[in-house]
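Novice: The chain contents come next:
Number of protein chains: 2
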Amino acid sequence: EASEAYVTLVTSRDYVRGALVLAHSLRKSKTTRPVVALASRDLPSLARSELMDVFDAVHIVEEMNSNDAVRLELLGRPELGVTFTKLRAWCLTEYEKCVFLDADTLVLKNIDDVFERDTNFAAAPDVGWPDCFNSGVFLFAPSQTTFSELVALAATTGSFDGGDQGLLNSYFKDWSTGSPAMRLPFTYNMTANPSYGYAPAFERFRDDIHVVHFIGAHKPWHGMPTPGPGMHGLVSLVDAWWRMHDD
Amino acid sequence: EASEAYVTLVTSRDYVRGALVLAHSLRKSKTTRPVVALASRDLPSLARSELMDVFDAVHIVEEMNSNDAVRLELLGRPELGVTFTKLRAWCLTEYEKCVFLDADTLVLKNIDDVFERDTNFAAAPDVGWPDCFNSGVFLFAPSQTTFSELVALAATTGSFDGGDQGLLNSYFKDWSTGSPAMRLPFTYNMTANPSYGYAPAFERFRDDIHVVHFIGAHKPWHGMPTPGPGMHGLVSLVDAWWRMHDD
Ligand SMILES: O=c1ccn([C@@H]2O[C@H](COP(=O)(O)OP(=O)(O)O)[C@@H](O)[C@H]2O)c(=O)[nH]1
Ligand SMILES: O=c1ccn([C@@H]2O[C@H](COP(=O)(O)OP(=O)(O)O)[C@@H](O)[C@H]2O)c(=O)[nH]1
Ligand SMILES: [Mn+2]
Ligand SMILES: [Mn+2]
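Listed in order, the protein sequences are those of chains A and B.
Quick note on our numbering: the first sequence kicks off at 3 and runs consecutively.
Quick note on our numbering: the second sequence kicks off at 3 and runs consecutively.
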């Protein structure tokens with residue numbers, strides 16, 4: 003277990019609050035693994051020291067960017083090119099296995115069992131195109147070789163969405179047809195989107211939700227959302243984020 | 003191959019147009035299997051004879067209904083209790099394997115390879131809760147035993163969404179963790195929803211779309227939709243439906 007860790011990424015001040023709440027939620031889940039952050043060198047030093055107060059380790063990394071304005075426009079998120087920095091997580095070779103979590107996720111129940119899976123990669127389906135995985139929560143095995151291959155793929159083919167998710171889905175392209183071990187339950191990355199949902203399934207499985215992921219440009223720390231008709235559960239989830247924040 | 007078929011369901015006049023276009027699209031895909039319909043006994047005889055002009059066989063069935071107003075309200079589709087009639091497809095024991103297709107689906111490319119899968123059930127993920135499958139397209143093996151078990155489950159536990167999809171997901175509950183053979187590609191049941199989508203993935207995989215499924219209360223035969231920001235491809239898909247209709 004000493005060689006396993008949870009990892010998140012913070013390249014800008016806006017995501018510091020998310021990362022702090024995430025770390026707090028992991029501790030409350032009674033994880034036995036260290037919680038580490040990748041922080042951009044450009045992050046103001048106050049932000050960096052806030053992270054150091056809470057995380058077990060903060061690794062300073064150089065930012066990477068897809069610089070792919072056209073595809074990011076299609077995604078509707080021009081600011082997400084910088085998520086290529088997520089690839090640096092594969093350089094954490096002091097760990098054998100890590101679980102990456104976006105800074106906009108919140109852990110509600112212990113997920114240490116993910117480390118037990120017999121696979122070098124696992125992720126949960128994306129609600130937008132469910133044969134792709136969502137790259138906000140994933141198990142991975144740090145490796146300089148994998149990192150180099152990802153960077154090479156970024157240079158040759160690029161990412162079909164301009165962010166890390168498109169690139170990672172091209173790299174781990176047998177995810178949807180391969181071993182069930184690679185498939186994390188949706189309850190381990192329950193994407194709370196205000197515009198569409200399947201309310202009866204949410205009611206059916208809500209007690210089993212382990213990780214909530216607040217996808218989209220509007221994050222919980224920006225205030226309360228106006229949920230669409232399908233996603234009546236969103237308000238209570240954002241509320242859970244704020245309770246963790248105030249805790 | 004003689005003991006394999008495509009099956010759809012029509013309980014009301016409104017879905018006749020969808021079923022006719024679906025049958026036409028299957029024929030254009032050059033399927034080698036017969037195309038059959040389950041038609042409610044209550045369907046007006048004109049509607050029934052329209053179906054008989056186009057389908058290889060029309061089986062008259064008694065309607066079934068979940069009569070679960072509370073959960074259908076949560077689903078936002080009070081009219082869908084009658085989709086329990088879909089369970090009658092398991093009574094088509096003259097066939098060994100069938101592929102069920104909702105009347106609001108459109109086949110763009112041949113999908114006969116689905117019959118080759120070594121499994122008694124296969125379906126594609128639902129975009130609302132992707133550990134559930136969408137019950138608009140599925141491979142199944144007709145069986146009176148399975149039919150009886152489904153009816154018994156409906157009586158004891160009921161359907162968590164009030165329609166056939168909730169019930170079938172409870173019955174085939176190992177779908178998301180089981181054999182990859184049970185997992186149809188999302189391109190075999192590409193749910194075109196106006197409110198949310200992952201536009202870059204749609205662009206990336208659009209040439210591979212085999213079946214489009216027009217989920218939601220607004221069907222192509224009701225006219226052109228106003229697509230939301232994420233689903234810019236919807237208009238061209240509804241257009242494809244109308245081209246098939248006018249063909
Ligand atoms: O300016 C940014 C944008 C993103 N991120 C990190 O990259 C992740 C992915 O971005 P985001 O969660 O906004 O994408 P979404 O989940 O909404 O697609 C974030 O959670 C952060 O960990 C960051 O540090 N700075
Ligand atoms: O009044 C109805 C409602 C549904 N259906 C059949 O049941 C399927 C499922 O309903 P629908 O496609 O409207 O559900 P959705 O895919 O929108 O969830 C339809 O495609 C039809 O084949 C029907 O025959 N009559
Ligand atoms: Mn995120
Ligand atoms: Mn349908």
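Hints are computed from structural coordinates only; laboratory data are not their basis.
One or more of the hints may lead you astray.
[Stated by the list, open to error] DSBU-like mimics (lysine-lysine), calculated; alpha carbons at most 30 Å apart, straight line: (1) A:K32 x A:K111; (2) A:K175 x B:K175; (3) B:K221 x A:K175; (4) B:K30 x B:K111; (5) A:K111 x B:K175.
Novice: Hint by hint, note whether the structure agrees.
Specialist: Consistency of the hints with the structure:
A hinted pair counts as satisfied when its Cα atoms are at most 30 Å apart, and K32 of chain A with K111 of chain A qualifies at roughly 9 Å. Annotation: proposed proximity of K175 of chain A to K175 of chain B holds, straight-line Cα distance about 25 Å (limit 30 Å). Between K221 of chain B and K175 of chain A the alpha-carbon distance is near 33 Å, which puts this suggested pair outside the 30 Å criterion. A C-alpha spacing of about 8 Å is found between K30 of chain B and K111 of chain B, which places the hinted pair at or below 30 Å, so the restraint holds.
The suggested pairing of K111 of chain A with K175 of chain B holds, with an alpha-carbon distance near 22 Å, which does not exceed 30 Å.
Comparing the model with each numbered hint stated earlier shows that hint 3 is the single one that does not hold.
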